[in-house]
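Chemist: Make a model of the complete structure from these sequences and hints.
In order, the protein sequences belong to chains C and G.
This note's numbering puts the first residue of the first sequence at 1, with every later residue one more than the last.
This note's numbering puts the first residue of the second sequence at 1001, with every later residue one more than the last.
I should point out that these hints are in silico values taken from the structure, not numbers from a laboratory.
Ideal placement from N, C-alpha and C gives every residue a C-beta, glycine not left out.
Accuracy of the hints is not assured; some may be wrong.
[What the hints assert, rightly or not] Chain C regions said to be covered by chain G (calculated; three or more residues, Cβ under 8 Å):
no.: 1; stretch: 46-55
no.: 2; stretch: 122-133
no.: 3; stretch: 415-427
[Claimed, not checked] EDC-like mimics (lysine to aspartate or glutamate), calculated; alpha carbons at most 16 Å apart, straight line:
no.: 4; chain 1: G; residue 1: 1051; chain 2: C; residue 2: 48
no.: 5; chain 1: G; residue 1: 1056; chain 2: C; residue 2: 235
no.: 6; chain 1: C; residue 1: 152; chain 2: C; residue 2: 239
no.: 7; chain 1: G; residue 1: 1014; chain 2: C; residue 2: 48
no.: 8; chain 1: C; residue 1: 340; chain 2: C; residue 2: 5
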Amino acid sequence: MKQTELIIIGAGPAGIQAAITASELEVEVTLIDSQPSVGGQYFKQVPEEFNIHDSSSHQKQASELFNKLNNSRVKYLPETLVWGIFHNPKTDLWQVTLQGESCPSRIESAFIIIATGAYDRSIPFPGWDLPGVITAGAAQIMIKNQGILPGKQVIVSGTGPLQLAAASNLIEAGAKVQAVLECNQKLFIRGIHHLPSIWGQWRRLQEGFQYTENLIKTKTPYRIGWSVIKADGFEKVEEATIGKLDSVGNPIQKSYQKIAVDAVVVGYGLTPSTEFFRLLDVDMRYSKSEGIFLPKRNEFFQTNAQGIYAVGDCAGIGGAKLAMQEGKIAAIDVAVQSGKTSLTNMETTLNQIERKLNREQKFAKMLGEIFSLPDGLFSFAQPDTIICRCEQISLSEIKEAISFGAQSVTDIKNITRSGMGNCQGRTCGSILSQILAKEARCNPEDCQYLNIRPPVHPILVETIEEETTEVLS
Amino acid sequence: MRIEIKTGNQLRIKRGKPVLITVNQSKVTAYEGELVSTVLHCEGIHVFQRKHMNGKPSGIYCGMGICYECLVKINGVPNIRACQTPVTDGMMISTDNAEDSL
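Modeler: Take a look at the structure:
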């Protein structure tokens, strides 16, 4: 059995930083990622077969980080899918099971830093499952990574800075953005008491101004308190219905307008990838701004499972800068726990990180509060709207399960199969708890979260077959 | 809808070498580094698969390997995420999944 001192899952900003720091402190690290190159979503690299010229400061920052990683002794496993984490009672170590062309089938370690990041949060509305309705993340990848336009006539709907970035990129790439719809109201009033948190965030402000400049230059309407309510079309989106929302996010019918589009881009914030925390059954807490359960962590970002750390967006949306500081702290703690250094040695470093961490936490809190989702958004779905896309379960089927007595999202899953398909509830999981809370008039935190079982992603049967042979021999 | 991307003159992308692939029995030119989802999108194909339960169309949604909506058949192997698979020379892609198992 292959063993290492530290396994890091996810090579985004948090995972890379954790790997570099741990390696500098003489910890033997294996960094695992499902993508062909490092960077995660934030520092996602254009395919190496493309000839690129990128002189942006964002790319410079990425290259610096990648260089540090390349010059370290970190063992990096690209295109490797982690499908399970188990506790091996014989060795008393964590065992990570893998699928990939050129990776071992299992690795063991006493420490695992989980840095699996986040993905776009979904809001169901009639037609959200039509081809042509895509997430803001998908739009960004299509434009910036693949060099293609998602559509020529596009509506962008959602909340927060990410959808602004998507709209700005769409415009620069040559799409006609019909409108950008922000579902939250009174942004300025909500933001005003957070003004001190913006101090020092100059680059971010500059980015924000650049995005808005693109909207202004092209006279793109930016409508605050509006959202896409419905998408229609034969086999592909052709028309979007947009509407004004009341103060709690319910659509006002008389405001509805129809707009011809060939793509709808939706960006309602992000959902942390928490599958490994649920798999390991660590202690969780409900977070209102993300609308899901997140792992509880100590001051070094360790969960209550010995040796399992949670850093970056997978433990709560905070952005890349915060993620990197968290990665550093977790890596230092692993080095301390494994006797490579002592806390006293690291005190100055930790104090320095602490200050940066504080600033980033405040900024993340501000964004979370200003751009939290109004409850009314969950009233867009109609009885025949599909909620679980994998298993094609409609809202009426879910409501039926609730009236049948379902009291948790797991009950809904057991009755309807929703959350049981290929994506394993990644898309519908948080939506189910919002629907249940609304129907049962309780809080979403009372609805619990979907349990997950290995494999956490669909894998080939051969992968498990190999496993069995190894165990037997 | 392939575009030459320029973001404030800071970013320029040139595609990789052309490769010949087959999409639903037609020969198509794609470029190294492109994903299967990219090529289908550029060919005007938006329905990547049909749901087994009701025949509803589905295509690109999350674009990052999370949602499993963009499953296609590649070289005879069903249920492969188009958004996570780069094209290779001679690749055979099919969006007809009527006969495949889950």
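Chemist: Now look at each hint and say whether the structure bears it out.
Modeler: Here is how each hint holds up against the structure:
no.: 1; hint: 46-55; in the structure: holds (count 10)
no.: 2; hint: 122-133; in the structure: holds (count 5)
no.: 3; hint: 415-427; in the structure: holds (count 5)
no.: 4; hint: G:1051 x C:48; in the structure: violated (34 Å)
no.: 5; hint: G:1056 x C:235; in the structure: holds (8 Å)
no.: 6; hint: C:152 x C:239; in the structure: holds (13 Å)
no.: 7; hint: G:1014 x C:48; in the structure: holds (11 Å)
no.: 8; hint: C:340 x C:5; in the structure: holds (11 Å)
When held up to the earlier numbered hints, the structure conflicts with hint 4 and nothing else.
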